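A.B. asks: Work the whole structure out from these sequences, hints included.
Protein sequences appear in the order of chains A and B. If you read the first sequence in our numbering, its first letter stands for residue 529, the second for the next number, and so on. If you read the second sequence in our numbering, its first letter stands for residue 1001, the second for the next number, and so on.
Read the hints as simulated data drawn from the structure, not as lab findings. Treat the numbers as computed from the prediction; the structure is a model and nothing was measured. Be careful, since some hints might not be right.
Said to hold, decoys possible - Label pairs and their calculated CB-CB ranges:
(1) B:L1120 with A:I824: 49 to 59 Å
(2) A:L564 with B:P1118: 39 to 49 Å
(3) A:S708 with B:I1007: 17 to 27 Å
(4) B:G1027 with A:N736: 41 to 51 Å
(5) B:P1118 with A:N736: 19 to 29 Å
(6) A:N1029 with B:G1192: 32 to 42 Å
(7) A:N554 with B:I1007: 55 to 65 Å
(8) A:A742 with B:M1001: 25 to 35 Å
(9) B:F1042 with A:V553: 40 to 50 Å
(10) A:K556 with B:S1163: 23 to 33 Å
(11) A:D740 with B:D1028: 12 to 22 Å
(12) B:K1160 with A:E530: 48 to 58 Å
Unchecked claim - A few chain A positions that, by computed beta-carbon distances, are all more than 12 Å from chain B:
(13) L673
(14) G683
(15) G901
(16) M943
Note that CB positions come from ideal geometry on N, CA and C, so glycine has one too.
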Amino acid sequence: MENAIAWIFIFPLFGSVFVALSRYVNIKLAYPISVLSMAGAFWAGVETLRQAMASPNHEISYLLGGWTLDLFPRGVGIEFRADLLASLIVLIVLGVGLIVTVYSKIHVEKETPNKEAIYYSLMLLQITGLAGICLTGDAFNLYVLIEVAALTGYGLIAIGSNRAAAATFNYLILGTIGASLYLLGVGYLYIKTGTLNMVGIQEVIEANGLTDSATMQVAFVLIGVGILIKMAFFPFHAWLPNAYCNAPTTTSCLLAPLVTKVMIYVMIRMVLTVFGVEFSFESTIWVSWMPWLVVIAIICAAFLALSQREIKRMLAYLIVAEVGYMVGGVWIYNYYGLIGSIFHIISDACMTLCLFLGTGIILHKCKTTHFDGIRGLFSKMPFTMIGFFVGGFSIIGLPPTCGFFSKWYLITGGMVSGHWEYLVVLMFSTMVMVILFFRLIERIHLAVDESGKNLGKGHGDLGLSREQTRFDEAPLIMLIPLLVAAATVIVIGIYNQEVVNQIETFLQAYDLPTGVEYE
Amino acid sequence: MKFFSLIPVIVIGGLLLWAGQDFPKWGDVESPASKSPVSSHFIANTGVDTEVPNMVTAVLADYRGFDTMFETVVVFIAGMAVIAILRGSSVGRPRRKDHEVEAEPDLIVTNTVRLIVPVLQIFAFYVLAHGHVSPGGGFQGGVVMGASFILIALSWDLEKAMSRFPIERCLFVAAMGIVLYGGIGLLSMMLGGEFLDYAELDKILPVSREMARYHAMLGVEIGVGFTVASIMFVLYANLASEGRLKQGL
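C.D. replies: Printed below as a string of structure tokens:
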């Protein structure tokens, strides 16, 4: 299929319009239309990745509006570029989107009655925006798509309750500041280079030796800080926990795995493609103090996660810690660190999806996600809990889940680049995750209360009545997406070499230090 | 607290000023931005490529038409998000007293508006259709059109404005605007070009490739106008009445 890359956004865009119109016909149509258009988009994503892998220079360039490079200078029209990195991430975005859309039916009907059409419409546009962010090769178009993703995000969170609306207001302010800083940075880039095309900017920087220019330095700082706010890097994370905890369940399932991860992708794209390796790592001072900021971020986020008594809120702080991992992987300035960072985007999206889908089911069945309300859940819904634990094990980094392999590359990167502080903090954070999840596993399997007092009467007794532990599994429409997500975590873990090969092919074009001295 | 918030303001302000020292000189032909092929292509070839005299319209609706499509989508999202948040959220909550104004529509105001509104609406069409030649286009025309309904709501009441432009139909019209914009893009893709490659429309229109771009630009501007006009009114009606769609300001 020639235009597969265009179908990636055409399917959800038109799908969302038809879903919005379905309220005039029959509101029951909203769900099937959403699932169908997401399935179409996912197929287009697979096709795009296949084409990118097959093409000789491992990328597809798609000139929207027909302003092709052979007839017109680069940058006249808007370019969509799917190199291996972009098509991998976009496939993850679409896959998560498809799984969450299938999963959403019961939650959406219950939590946002009579607003299903608008809810699904916003959801599809959210996925359109995120997929577009991954594919676009134009710095200003990236801003427009960030706005699409952000505005739909505000709507999707605030639709829930009044508390959610209050949390959204914080998110709105911080998100707008982040986007404005990014836009200001793009303005500075444009005044200096005269083009908005990412590859075009890089060419102008190289041809004119703009690496020492004060304007470019400030543009880099503005864009960098804007993206750090958007991805909830530690000091700027304040909007995230409240927004994700008060949002409707499906919203947090969709936003938590994707939004922060896509922003890390944008950072990698800016560092590698727009500014270039030489400018980003050797002409700015970021590279000397970013690893230390990452250390602070991971430690603080890990402690904050440790102090939560509610699963959803704990997971929200885990995301903040994971963001620290990935930012660190980029800024230790090392080939393996960057592989780890990109791989961790993929695996973190999958495992966060697992955890949030599991939490959604717990919320559906138990009406609470507080630590005290989850006793005996394993005997009640074993399959859900297996899916949830696979996500948890992957966050800890147990083989053969994909979290193990991405962390392996991050640690390798920290070692060969000599950033021992990053290595130590990764180990520390892993220990914290072990505590977090085994505390949960203990609560779910054993009969102990807050102070460690035994509630049951000896071996195998959960201290619950027969009623409370009866087998009562989640509805299949929720369980199957969770199990698919859990299977993906394991499959990506087992076939990690395939993924890493693609990332390595992508990174070969960039001159990154491997840290190993060959004589 | 105010003092602490002053610190980042000063830091960022200083940073922005410091960056200014390195800007290209005014009208400097040697700066990379002036040598860039992009702006010079727009200036020299807009008429050749698209037959549109107004360069801004051509850049907006054709060269960077994909941006504009998503800007329209952003407007659409804003309308939907406001409906999603406000509609039904204040059911059962007592209405604040200070919003209630029991007054007959003012004679002078209503008669003035009676005179203005038809002119405003015709002007909106003019701005929209004339965007190829003079400043204007879908966003501006749509805003003027939406403002005319807001003016009716302000001088009479919301019911009167909604009897002219039923609020249930607003979202439909807005969605149609996006379908029109995206549909033109999709049609040109189906005819063998890239998405939004209007030139391919010459296969179904009896005109040259350049004129096909010209006409398609009018089509997408109409789509933008649909969306902007109806969402303007949706935003006003929902915000002014806290989502009740009754009485309003």
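A.B. asks: Given a hint of 48 to 58 Å, does the C-beta separation of B:K1160 and A:E530 actually sit inside it?
C.D. replies: 52 Å, holds
A.B. asks: Okay, A:K556 versus B:S1163 on CB: inside 23 to 33 Å?
C.D. replies: 30 Å, holds
A.B. asks: Just want to verify: A:G683 was marked as not at the interface with chain B; is every Cβ pair farther apart than 12 Å?
C.D. replies: 3 Å, violated
A.B. asks: Can you let me know if the beta-carbon spacing of B:G1027 and A:N736 is within 41 to 51 Å?
C.D. replies: Since the Cβ atoms of B:G1027 and A:N736 sit about 18 Å apart, the hinted range of 41 to 51 Å is violated.
A.B. asks: With 12 Å as the threshold, tell me whether A:L673 passes as away from chain B on beta-carbon distances.
C.D. replies: 6 Å, violated
A.B. asks: Range first: 25 to 35 Å. Now tell me if the beta carbons of A:A742 and B:M1001 are that far apart.
C.D. replies: 32 Å, holds
A.B. asks: Look at the Cβ atoms of A:D740 and B:D1028 and judge whether their distance stays inside 12 to 22 Å.
C.D. replies: 18 Å, holds
A.B. asks: Between A:S708 and B:I1007, does the beta-carbon spacing fit 17 to 27 Å?
C.D. replies: 18 Å, holds
A.B. asks: So the hint says 55 to 65 Å: do the beta-carbon atoms of A:N554 and B:I1007 match that?
C.D. replies: Holds, since A:N554 and B:I1007 (Cβ atoms, about 56 Å apart) stay within the stated range.
A.B. asks: Should the hint that A:N1029 and B:G1192 are 32 to 42 Å apart at their CB atoms be regarded as holding?
C.D. replies: Distance hint for A:N1029, B:G1192 holds at roughly 35 Å.
A.B. asks: When you take the CB atoms of B:P1118 and A:N736, is the distance between them in 19 to 29 Å?
C.D. replies: Taking Cβ atoms as reference, B:P1118 and A:N736 lie about 55 Å apart, which means the hint is violated.
A.B. asks: Please check whether B:L1120 and A:I824 have a Cβ separation lying inside 49 to 59 Å.
C.D. replies: 57 Å, holds
Violated hints, in rising order: 4, 5, 13, 14; the structure is consistent with all others.
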